[in-house]
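**Q** Residue numbers (the numbering used here), protein chains in the order written: chain A, 1 to 352; chain B, 353 to 820.
No wet-lab data here; the hints were simulated from the structure.
All values reported here derive from a predicted model rather than from experimental measurement.
Please note that the accuracy of each hint is not assured.
Cross-link-like lysine-lysine pairs, in silico, DSS-like; alpha carbons within 27 Å at most [claimed, not checked]:
1) K334/A x K770/B
2) K333/A x K464/B
3) K622/B x K431/B
4) K770/B x K807/B
5) K333/A x K807/B
6) K770/B x K431/B
7) K197/A x K270/A
8) K336/A x K464/B
9) K770/B x K336/A
10) K807/B x K328/A
11) K622/B x K464/B
12) K464/B x K334/A
13) K92/A x K270/A
14) K650/B x K807/B
15) K807/B x K334/A
16) K807/B x K336/A
17) K336/A x K622/B
18) K770/B x K328/A
19) K770/B x K333/A
Here's a subset of chain A near chain B, in silico, CB distances under 8 Å, partners left out [said to hold, decoys possible]:
20) L299
21) F305
22) P314
23) L331
Quick reminder that beta carbons are idealized off the backbone N, C-alpha and C, glycines included.
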Amino acid sequence: MGSLDPINLPGAGLPEPALPVLAVLDVLDRDGLPRQTFLVRAWPLRIGRSLDNDVVLADPHVAAQHLDIEPAGAGLTLRVGASRNGVQLGSKQLRGGESVVLPRAGEAPEFVAGRTCLRLRLPEHTLAAELALAETTPLARRLVPVLLAATLVLAGLLLRTWLDTDPDGFARAAGTVVLGAVVATATWCGAWALLSKTFAHQARFGWHLRVFLFASIATLAVSTLPGLLAFALSWPWLSDFAFVGTIGVAATALYFHLLAVEPARRHLLKWAAAACAAVGIALTLWFNVQRTDQFGDELYMNHLFPPGWRLARPVATDAFVDGLAALKSTLDKKAKDPGRGDDDTGAGDAEE
Amino acid sequence: MTLLPFRAETLPILVLACMLGLGLDVRAQGSPAVPGAPLEAQAPGLAASAPLSVPLSLSARKVYEQARSQLVQIRTVLKGRASQTSVGSGFVVSREGHIVTNFHVVAEAALKPERHDLVYVTADGREAPLVILQLDVLHDLALLKAADGIAPGGNTNTAPRSFDALAFRPEARGLAQGERIYSLGNPLDVGFAVTEGTYNGLVKRSFYPQIFFGGALSGGMSGGPALDEAGQVIGINVARRVDGEQVSFLVPASFATALLARGRDAAPIKTAAYGIVTDQLMLHQAALTERFIQQGWKTATHPRYKVPVPTDSFMRCWGSSEPSRNGGLDLERSDCVMDTRIFVGDYTTGAIAVRHESYDGAKLGTLRFAARYSASFRNERFTRLRDEHQTKPQCHEDFVDRNGLALRAVVCLRAYKKLPGLYDLSVLVATLDQPRAGVQGRFDVQGLSFANAQKLARHYLEAYAWAR
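Take these sequences, add in the hints, and give me the full structure.
**A** See below:
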């Protein structure tokens, strides 16, 4: 039987025959931080729920003799005992009776027994560098990008408001927009900070604020640039599919927000954000087809800018009218579809 | 371009004098929905009261007595059920039992024969089925025949009847403005009635000739005859304006005589008449395109550009000017629309609208003007009818050069599902040469062949140029 120090149990720290520490077994919390650490002083290391194990886990999803680990050649052999749930090692699922060799070098291996996340660290495993405490960076340096981003967002919003209001109504509209933006930002980032505090034990308000501000800047850019380029170059498809950019920005922002809530699951979050983006794009395409029979957002390019910003050359009237001929086959094909008979366009009767 | 409806007093809302009870106002479907427009006038009861308060002259009594037996009410009945879906009027024009009425009175039966039957009811309560022989969609007429009438060629049915017929007033004998005429029918299913009014000549700016009847028509009288003092038919009740008093319309009798001549011996139409409707609309669009191009454009419509505004031979134009109250965009507007629309069952077609808005953003500056100009360009709808009637619009767009004047042009087309080969055309244009001013125009034509849609799109675009 191996010798072991549960360092956070009573009796830890009492004088003991000083066997050298061969390894450390961490029980990890969902935020990636160790909840409990066991010092391993002898092999094999037996883990399970019954009391004759070296490491006794309380997790009801763990078997009596769940697994044991002992050195074998250059590595360590992890053998799963008589367990229903087995052991999850990375993407690999080990069933009862199976075994696998854990590397002695590189990153310390992490595996899940039942619902308990464990990490076995050996002296040979690489030790991650010390994380700096957030407070070590001077406040001024951390504030500068946030203030800069906030100024940019406000400037963008005010420019939009200015463009959309008559000269006489600007002051009042600007007040409303600024107040609205501040309240919305505080609410949004506050809600995320609450989530972070709940799951990762740190509010990370600054992080969420940065994510929100950068995402807002990106949103302003992706909602303006496609229209501008579509006008300048006469590329209607650019503004037609501008929603892809907007959804992309939203999904990225979601990923970074979530990262401060579930820091240990970076990989999973990446996939979740990508899935959100894919679903969002697919849904938008589907709604567009329902609405206009086309994938794009806009029936026609409807962004006009000062005439001097146009780069595309105008075409001759004849060439333009001849271009209509291409619509005929599409229209004739669609005319054969009897139609769903729904009332979604009934209001269109008011066209005249 | 923000399109505003017309002022209420100029509303071209025509209420067909049929379709009572259901509150169906078929012509009004295609008309601008104006806040405060007296659409309530469709409701049964409101419209019927006025004519009855006028004491009838002796001639009215004489005319009614003479015509009473030739007058019928035409009911569209749901197949297999006793309930009527709409009622109108009609009159007998031959001994064999030919009956003339409006197309819109029998449209449901003509276009959905699998679900509707037609019957006629005489003033003395006799009821019998009807068949449709011929349609004139463009003038809103239908030729029917009593199924219990004498078969053509003298062959008799099981119970042949001989009918009293009303005579048409010869075309050579014109009427003078102010002559008394009498309109007959069964308003609002209340009972047969005669209303008295005056002949006021032909309606101005109508694409097809229509008689302006200075008298009251009500729902249910559609298809009834209008008679002169000798009791001869001069026209057929068809529509009225709900925004005016006693402004009603008749189809000239000559179209009914032509229809009778054409369809007297025709075989009954038993299947949905979309083919006939399409053929007649094809003729209409050809005539419309030719006359529209022929009439040309007005000159001096804008100080800087030539902007297309049609001469108003069969269209009516209204203009307005709206200086901004908030130091913003000043705009002037011109709207030209046709009063004539062709009724084809669930919707109308065959009309043209030309409109433009001229913007001055000198007080706004370049960027603000561009934002406002863009918003106006965006604020356009290109969907008109429901999915069962029409495809969604398909558009073609680009910058178009008009001898140095750059335009952003969008052409959208919709195809009719039950009228193959017909399309709605919409052209949207914005001038792009001044940083703080511009003109946006829109051109809509309904029910065109593809070739004519291209032709009219070209005609409209080519009307834009520098004013010099």
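**Q** Against each hint, give a clear statement of whether it holds in the structure.
**A** Going down the list of hints, with the structure as the test:
A threshold of 27 Å between alpha carbons decides the hint, and for K334/A with K770/B the separation of about 12 Å falls inside it, so the pair holds. Proximity of K333/A to K464/B is assessed by CA-CA distance (about 24 Å); at most 27 Å being required, the pair is judged to hold. As the CA atoms of K622/B and K431/B are separated by approximately 14 Å, the hinted pair is consistent with the 27 Å bound. The suggested pairing of K770/B with K807/B holds, with an alpha-carbon distance near 23 Å, which does not exceed 27 Å.
Among the hinted pairs, K333/A with K807/B is consistent with the structure: their alpha-carbon atoms are about 22 Å apart, no more than 27 Å. Only pairs whose Cα atoms come within 27 Å are accepted, and K770/B paired with K431/B is accepted, the gap being roughly 22 Å. For the proposed pair K197/A and K270/A, the alpha carbon gap of about 21 Å is at most 27 Å, so the pair holds. A C-alpha spacing of about 18 Å is found between K336/A and K464/B, which places the hinted pair at or below 27 Å, so the restraint holds.
Annotation: proposed proximity of K770/B to K336/A holds, straight-line Cα distance about 9 Å (limit 27 Å). Our distance criterion of 27 Å between C-alpha atoms is met by K807/B and K328/A, whose separation comes to about 14 Å. In summary, the hint linking K622/B to K464/B is supported, as the alpha carbons are separated by about 10 Å, within the 27 Å threshold. Using a Cα cut-off of 27 Å, the hinted pair K464/B and K334/A holds, with the two alpha carbons roughly 22 Å apart.
As the CA atoms of K92/A and K270/A are separated by approximately 20 Å, the hinted pair is consistent with the 27 Å bound. Of the supplied pair hints, the one linking K650/B and K807/B holds, its CA atoms being roughly 19 Å apart against a limit of 27 Å. Among the hinted pairs, K807/B with K334/A is consistent with the structure: their alpha-carbon atoms are about 23 Å apart, no more than 27 Å. With a C-alpha separation of about 24 Å, the suggested pairing of K807/B with K336/A holds against the 27 Å cut-off.
Taking the CA atoms of K336/A and K622/B, the gap is near 23 Å; set against the 27 Å cutoff, the hint holds. Between K770/B and K328/A, the direct Cα distance comes to roughly 16 Å. Compliance with the 27 Å bound is thereby established for this hinted pair. The straight-line distance between the Cα atoms of K770/B and K333/A is roughly 13 Å, inside the 27 Å bound, and the hint therefore holds. With 8 Å as the threshold, the beta carbon of L299/A comes within range of chain B, its nearest partner Cβ sitting at about 6 Å, so the hint holds.
The beta carbon of F305/A is positioned within 8 Å of a beta carbon in chain B (closest approach about 5 Å), and the interface hint is therefore held. A distance limit of 8 Å between C-beta atoms decides the matter here; for P314/A the minimum to chain B is near 4 Å, and the interface restraint holds. At a threshold of 8 Å, the smallest CB-CB gap from L331/A to chain B is about 4 Å, leaving the interface hint in force.
In the structure shown, no violation is registered for any of the earlier numbered hints.
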